[in-house]
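S.K.: Sequence:
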Amino acid sequence: MTRTIVVTGGGTGIGRAAARLFAEQGETVIVTGRRPGPLHELAAESDVRALVCDHTDPRALTTLLSELPDRIDVQTIIRTPGLVGR
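Quick note on numbering: the sequence shown equals residues 378 to 463 in the working numbering.
These are computed hints drawn from the structure, not numbers from a lab.
Just so you know, not all the hints are guaranteed correct.
Quick list of the computed label-pair ranges, beta carbon to beta carbon [unchecked claim]:
(1) Ala437 - Ile391: 16 to 24 angstroms
(2) Asp434 - Glu401: 24 to 32 angstroms
(3) Thr379 - Thr433: 25 to 33 angstroms
Model, not experiment: these values are computed from the prediction.
A virtual CB, placed ideally from N, CA and C, is assigned to each residue, including glycine.
Produce the complete structure using the sequences and hints provided.
M.R.: See the structure below:
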């Protein structure tokens, strides 16, 4: 059974690695982050969907979920945004 997994901070580091791994295992993966470049690079390399979302904004998760189509049932959210020094 395919799951839908959202990986926040998925453009780089641990989030990127996790998103790639889940995509390779056949899961539906949506990656988010504040920098479009790394997200779109990952989407071009792997079977993931990229959404730009600044997680320093307290309303970010609400905005993110409102952007997902109603037909997507998210089973897992993995939060890996790097917020050090912000």
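S.K.: Hint by hint, say whether it matches the structure.
M.R.: Structure-based check of all given hints:
no. : hint                                : in the structure
1   : Ala437 - Ile391: 16 to 24 angstroms : holds, 19 angstroms
2   : Asp434 - Glu401: 24 to 32 angstroms : holds, 31 angstroms
3   : Thr379 - Thr433: 25 to 33 angstroms : holds, 31 angstroms
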